[in-house]
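Visitor: Residue numbers (this note's numbering), protein chains in the order written: chain Y, 1 to 358; chain D, 1001 to 1358; chain W, 2001 to 2358; chain F, 3001 to 3358.
Keep in mind that the hints were calculated from the coordinates and are not lab data. We put the CB at the ideal spot given by N, CA and C, even for glycine. Hints are supplied without guarantee of correctness; some may be wrong.
As the list claims (entries may be wrong) - Mimicking DSSO-like on lysine-lysine, the simulated pairs with C-alpha atoms at most 30 Å apart in a straight line are:
id: 1; chain 1: D; residue 1: Lys1034; chain 2: F; residue 2: Lys3275
id: 2; chain 1: Y; residue 1: Lys34; chain 2: F; residue 2: Lys3195
id: 3; chain 1: W; residue 1: Lys2034; chain 2: D; residue 2: Lys1034
id: 4; chain 1: D; residue 1: Lys1174; chain 2: D; residue 2: Lys1223
id: 5; chain 1: W; residue 1: Lys2223; chain 2: D; residue 2: Lys1148
id: 6; chain 1: Y; residue 1: Lys163; chain 2: Y; residue 2: Lys193
id: 7; chain 1: D; residue 1: Lys1053; chain 2: D; residue 2: Lys1163
id: 8; chain 1: W; residue 1: Lys2061; chain 2: D; residue 2: Lys1008
id: 9; chain 1: F; residue 1: Lys3312; chain 2: W; residue 2: Lys2223
id: 10; chain 1: F; residue 1: Lys3202; chain 2: F; residue 2: Lys3174
id: 11; chain 1: D; residue 1: Lys1320; chain 2: Y; residue 2: Lys315
id: 12; chain 1: Y; residue 1: Lys34; chain 2: F; residue 2: Lys3312
id: 13; chain 1: Y; residue 1: Lys39; chain 2: Y; residue 2: Lys51
id: 14; chain 1: W; residue 1: Lys2312; chain 2: D; residue 2: Lys1148
id: 15; chain 1: F; residue 1: Lys3223; chain 2: D; residue 2: Lys1008
id: 16; chain 1: Y; residue 1: Lys223; chain 2: F; residue 2: Lys3008
id: 17; chain 1: W; residue 1: Lys2061; chain 2: D; residue 2: Lys1148
id: 18; chain 1: D; residue 1: Lys1034; chain 2: Y; residue 2: Lys312
id: 19; chain 1: Y; residue 1: Lys358; chain 2: F; residue 2: Lys3034
id: 20; chain 1: F; residue 1: Lys3320; chain 2: Y; residue 2: Lys358
id: 21; chain 1: W; residue 1: Lys2034; chain 2: D; residue 2: Lys1008
id: 22; chain 1: D; residue 1: Lys1358; chain 2: Y; residue 2: Lys8
id: 23; chain 1: D; residue 1: Lys1320; chain 2: Y; residue 2: Lys358
id: 24; chain 1: F; residue 1: Lys3195; chain 2: W; residue 2: Lys2312
id: 25; chain 1: W; residue 1: Lys2148; chain 2: F; residue 2: Lys3320
id: 26; chain 1: Y; residue 1: Lys8; chain 2: F; residue 2: Lys3223
id: 27; chain 1: D; residue 1: Lys1358; chain 2: W; residue 2: Lys2034
id: 28; chain 1: D; residue 1: Lys1163; chain 2: Y; residue 2: Lys320
id: 29; chain 1: D; residue 1: Lys1358; chain 2: W; residue 2: Lys2163
id: 30; chain 1: D; residue 1: Lys1358; chain 2: F; residue 2: Lys3008
id: 31; chain 1: F; residue 1: Lys3202; chain 2: F; residue 2: Lys3315
id: 32; chain 1: Y; residue 1: Lys312; chain 2: Y; residue 2: Lys202
id: 33; chain 1: W; residue 1: Lys2051; chain 2: W; residue 2: Lys2061
What the hints assert, rightly or not - Pair ranges (Cβ atoms, derived):
id: 34; chain 1: Y; residue 1: Ser207; chain 2: D; residue 2: Met1037; range: 33 to 43 Å
id: 35; chain 1: W; residue 1: Ser2045; chain 2: F; residue 2: Met3037; range: 38 to 48 Å
id: 36; chain 1: D; residue 1: Glu1178; chain 2: Y; residue 2: Ala198; range: 41 to 51 Å
id: 37; chain 1: Y; residue 1: Asn324; chain 2: D; residue 2: Glu1265; range: 45 to 55 Å
id: 38; chain 1: D; residue 1: Glu1178; chain 2: F; residue 2: Arg3332; range: 27 to 37 Å
4 protein chains.
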Amino acid sequence: MSSIWGEKVKISVFGGSHTAAIGVTIDGLPSGEKIDMDKVLLQMSRRAPGKDKTATPRCEKDFPNVICGLKDGFTTGAPLTAIIVNTNTKSSDYGAVPELVRPGHADLTALYKYGEHSDFRGGGHFSGRLTASIVFAGAVCRQILERKGIVIGAHALSIGSVKDISLDSLNPEKALLERLNSEYFSVINPEAKEKMYAEVEKYRMESDSIGGIVECAAINVPKGIGEPMFQSVESVFSSILFSIPAVKGVEFGRGFGVAEMCGSENNDPYRVDDKGNFVTETNNAGGILGGITNGMPIVFRLAFKPTPSIGKEQKTVNTKNRENADYTIHGRHDPCIIPRAIPVVEAAAAIALMNLIK
Amino acid sequence: MSSIWGEKVKISVFGGSHTAAIGVTIDGLPSGEKIDMDKVLLQMSRRAPGKDKTATPRCEKDFPNVICGLKDGFTTGAPLTAIIVNTNTKSSDYGAVPELVRPGHADLTALYKYGEHSDFRGGGHFSGRLTASIVFAGAVCRQILERKGIVIGAHALSIGSVKDISLDSLNPEKALLERLNSEYFSVINPEAKEKMYAEVEKYRMESDSIGGIVECAAINVPKGIGEPMFQSVESVFSSILFSIPAVKGVEFGRGFGVAEMCGSENNDPYRVDDKGNFVTETNNAGGILGGITNGMPIVFRLAFKPTPSIGKEQKTVNTKNRENADYTIHGRHDPCIIPRAIPVVEAAAAIALMNLIK
Amino acid sequence: MSSIWGEKVKISVFGGSHTAAIGVTIDGLPSGEKIDMDKVLLQMSRRAPGKDKTATPRCEKDFPNVICGLKDGFTTGAPLTAIIVNTNTKSSDYGAVPELVRPGHADLTALYKYGEHSDFRGGGHFSGRLTASIVFAGAVCRQILERKGIVIGAHALSIGSVKDISLDSLNPEKALLERLNSEYFSVINPEAKEKMYAEVEKYRMESDSIGGIVECAAINVPKGIGEPMFQSVESVFSSILFSIPAVKGVEFGRGFGVAEMCGSENNDPYRVDDKGNFVTETNNAGGILGGITNGMPIVFRLAFKPTPSIGKEQKTVNTKNRENADYTIHGRHDPCIIPRAIPVVEAAAAIALMNLIK
Amino acid sequence: MSSIWGEKVKISVFGGSHTAAIGVTIDGLPSGEKIDMDKVLLQMSRRAPGKDKTATPRCEKDFPNVICGLKDGFTTGAPLTAIIVNTNTKSSDYGAVPELVRPGHADLTALYKYGEHSDFRGGGHFSGRLTASIVFAGAVCRQILERKGIVIGAHALSIGSVKDISLDSLNPEKALLERLNSEYFSVINPEAKEKMYAEVEKYRMESDSIGGIVECAAINVPKGIGEPMFQSVESVFSSILFSIPAVKGVEFGRGFGVAEMCGSENNDPYRVDDKGNFVTETNNAGGILGGITNGMPIVFRLAFKPTPSIGKEQKTVNTKNRENADYTIHGRHDPCIIPRAIPVVEAAAAIALMNLIK
């Protein structure tokens, strides 16, 4: 198992849904960076559960306790570790022994990999709760990036069949991104948000869940970062983005749309702008050519599967007697993960950028 | 720049379009594995240019010269290095100094990153020719995987608006995958192939190019490989898949389709099969749950952008006088990269699996 | 800064002398390994300060609080994190701003590297206290190794001019190693220990300190681990051994002694033993040939410099006014680090072996 | 097997004593660095065999053929690969099947690790010939370092009982280092060199071999590089230095000498020099405190064991019938590796520094 990611700035994520605590160590931060804990807490609260009906009513207190790496509010250059205590762990909700494995969850694959000593309580180390550590690390990194002018913002592009307006990939406004990255369940078009709420409620009432797409942009990213081959910006981003539970697809710029485009349409024409900079007239490339940034906004999208925890009866297997079985999961679940996933996507992008920028 | 990929089995890719040679070192191979060079050459020929009108008429001889790592046809356990000499390098086709940068290519980003000493000849280290090294490495790895029963096969799922039949994600037949992974421009439905040829020809006649989607499956992958967080199967695969030039999207299982699915539909129900194994009745997960394989086929798709080299006049900038300019690229190009990209995708999958399997 | 070490089993060390806590995450442990916490605490206590006059009278409670990675006493396969709270941190002992930098310490190099926001309190992340994290991680790893029959033991080979008997490099007895690895300040010859106490006391009375050598052996290490080049057993061991504060030299087998030996003397002759195994008649190689183990005991030695914290007046510089200055350090120090360093060396060896063994 | 080393600048070494060629890829070089091939060839020639009676009379042509990564004499930023063809490979000298394993060599450990398909010809990938690749890579790196003012030089500190003058660790003169790093078999005191020749000749006449110590210094290394814990300068250096065949000990500054020193003697007193810089009055630390450079010269020493290939009859085992045997090795060997090891040590230091310097 490797729960460490990054080369220049490494994050080491630890803990599980029902362990004493979860946490994260950020290794490789520059020294002397001021970290505003209120901004960190804002990001933590965007991911925290229990905000509305799209989310589980569990009352997790996602308060990060920084035990080292900060002195008088500044990074020291030494590893920065934060611990988040697990206070509300009702193990009985899930059951310690996965006699019946939950479809769409990692119960069976965990059993294959780790055997009976795996921590199955609430998903253990597979739990979406671990994304709190990613949000914390991203909240630290994005403050350093913001000092360089880089702004990252994401929104719910779609939930089920309901769609938000797509970000203007050529020029996502800084003010818009700043609104998106400070709201809970950020959406560009307020009407879309209302419809999304209705969509989620529909599935919640059916004891079901629904998937969606998160779209994210980062502006003012320096030109010339990334590498031609294996450290392409897409490779580095996708490596951490596919670590977010429930992500099944990642695309940059026009993404899968390029498959039906011709070259004369997809190639972004260059021009010299007012300040003498080289810019493109479109941004189908999502700010990346040959794996390297061209100074245009980085734009990407992630497909999230519907939460596998649903209240409906499902077909499964009994791992003890190796027979077919029916299974109805009880307990508290998010009928849609998208609202809480948005800050996780932004955080992962911030961590990726911290590794790419020299 | 990091042109090295992998943890357990590392590949180090070197060379450029117009250097004396390109090549690859595979580090970490087990010893005593028999490597059939005819099978390697078959894979090299599937990627080689000049097969038909979809491809550039350049006559590159993609012959890999193994200089170490094999003895009497068996791996020694020491690094295996192969060199492919560049014989047909007409530098005049491209021009050494990119006064005008080609839209959709890495000319400008290379200039940003490496400055004037970058090797711009034919795309240099960014050239699609580098994928020959990946195909070689994959051809070695897949022979080792095949001995474990693992079969990997890919096909052109779409070119422009023309679509092939999708692989049966639940049960892609071994015989079909073996046909796909031994053909040039492999397609499931022969009629689709004819239409794809016509589609490419249409764009070629217009001095334009067209994108597409490659779909790939791997069967008999052991259960329980991959990791919950940052070494998820999706993370490892996407990291190398996004290193293939022109890839702008990667998805696993139902991929972006999950965004409009509800949980009761997307969760793959388990059942016990005839042999007492746990299988799923659908394979929306693409063989991966919680980042770990469940023994079902791994299925994924990649979106390739249209070749940026087109014969039409395009808008660009002059990097010397920093003025707008028009640019018509002459020379030899693929109007569609999909046919030659298929073996590259299979090779990358083989390299990824070699790293994931213990 | 990179406070993460290892490939297969990674340890991530965090905290500083005066942060809220220090700790360590062990990533990549196999699941299902029983960990006896009493054995862990025994190792922690061997390193803990305040045992006798060789050590600082500080009363640090080195109690590791495991917050995740263990369930019912078994490893889960998920990252195992332990936190050790810093309870007795008298910041006034050292001073937060290093106007005067301590000779032999990292004060000035920390200032060069991290600037004024570096954590100078008690050495910060450079503090020898961080070795508590290494001892914890090693105490977990060695239990897994012991189940494979591997036993690691170290002793004070010398303190100043006083020497202990050297370990029989050909056949260090298991019982002896087990005695050494469970004692505080382990020495083979009890008389040498008495003389070492006297030696340390002599320097302590002079407000001075003294260096020494730790010798370590590991028996029953499997044959054939390590690599010919960059992952040689010596490379992997030395990489973590030189991370222990105050180590200035590392040698394997006959070490620097080989420089005056001829080949016919240094080459270890092979013979077949009673059980038909290939063994050597001497073990000048320290169990390693070509970077790979040959099944003989791994034997190595480390030179530790005298503790830089001494009570004598020393010449230094004032970093504020950039003038020469005299400096007398007050506070609590170890006049000799060797007694407490022994379990750290064993722990580092255990961590190294966990990474080398497949 | 991992024959790749480095984080920022990676070197990938490939080939064996009797493969078609050996070579190296340097990945991560900055672009636009002028590389003088004459300087590279000078370094290659310092390592090449056949210079005098200390060395094997084999006539290897160590000519590196750069196949990519350089354009018009400048680095392009893409991987730089050089191939050195093996022209004089008389396999009969060594024998392909190691029925009798050579004491002191890696024959038996290679058999343990790689089995019968290992390349035993001339030591295969374990051969000292692989150090030609390291010298090449170091020769490239040192030119980049020299442009920053860094000069690296090494010499034979001892061969058997004959000793050269030690480098002045406080102030090794630039001119001296430049003489040392351009000579074959560099020694500070010419008289010592004569005696060393006599020492080696003595052992050569006895069909024996002799060990020695190489001492190396690097001056003008920037302050503040390295890390407190696992990427300490000593850790990084020792990791690559112990990869050089035959090295059994590595020490920095006073090295093992610190074991008998007291703190008041070993601590290097600080003072302000004429230019207002902080310097030390002694350099027992070898330029490194807390794992980080303090701007003083980096000084270190390596112990090399005597060449295991000797002409005397030795005791060994027959791996086929598992019986004891006598063995006399015929063929061409170096009676002392020290003269040719000197440029390898300098090269490894250059590669290490390229990784440490930002």
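Visitor: Does each hint hold? Answer for all of them.
Guide: Checked hints:
no., hint, in the structure
1, D:Lys1034 x F:Lys3275, "violated, 65 Å"
2, Y:Lys34 x F:Lys3195, "violated, 62 Å"
3, W:Lys2034 x D:Lys1034, "violated, 40 Å"
4, D:Lys1174 x D:Lys1223, "holds, 18 Å"
5, W:Lys2223 x D:Lys1148, "holds, 26 Å"
6, Y:Lys163 x Y:Lys193, "holds, 9 Å"
7, D:Lys1053 x D:Lys1163, "holds, 19 Å"
8, W:Lys2061 x D:Lys1008, "violated, 40 Å"
9, F:Lys3312 x W:Lys2223, "holds, 27 Å"
10, F:Lys3202 x F:Lys3174, "violated, 34 Å"
11, D:Lys1320 x Y:Lys315, "violated, 66 Å"
12, Y:Lys34 x F:Lys3312, "violated, 68 Å"
13, Y:Lys39 x Y:Lys51, "holds, 18 Å"
14, W:Lys2312 x D:Lys1148, "violated, 68 Å"
15, F:Lys3223 x D:Lys1008, "violated, 35 Å"
16, Y:Lys223 x F:Lys3008, "holds, 20 Å"
17, W:Lys2061 x D:Lys1148, "violated, 52 Å"
18, D:Lys1034 x Y:Lys312, "violated, 51 Å"
19, Y:Lys358 x F:Lys3034, "holds, 23 Å"
20, F:Lys3320 x Y:Lys358, "violated, 56 Å"
21, W:Lys2034 x D:Lys1008, "holds, 27 Å"
22, D:Lys1358 x Y:Lys8, "holds, 27 Å"
23, D:Lys1320 x Y:Lys358, "holds, 26 Å"
24, F:Lys3195 x W:Lys2312, "violated, 44 Å"
25, W:Lys2148 x F:Lys3320, "holds, 28 Å"
26, Y:Lys8 x F:Lys3223, "holds, 20 Å"
27, D:Lys1358 x W:Lys2034, "holds, 23 Å"
28, D:Lys1163 x Y:Lys320, "violated, 44 Å"
29, D:Lys1358 x W:Lys2163, "violated, 46 Å"
30, D:Lys1358 x F:Lys3008, "holds, 27 Å"
31, F:Lys3202 x F:Lys3315, "holds, 23 Å"
32, Y:Lys312 x Y:Lys202, "holds, 14 Å"
33, W:Lys2051 x W:Lys2061, "holds, 12 Å"
34, Y:Ser207 x D:Met1037: 33 to 43 Å, "violated, 58 Å"
35, W:Ser2045 x F:Met3037: 38 to 48 Å, "violated, 60 Å"
36, D:Glu1178 x Y:Ala198: 41 to 51 Å, "holds, 49 Å"
37, Y:Asn324 x D:Glu1265: 45 to 55 Å, "violated, 20 Å"
38, D:Glu1178 x F:Arg3332: 27 to 37 Å, "violated, 50 Å"
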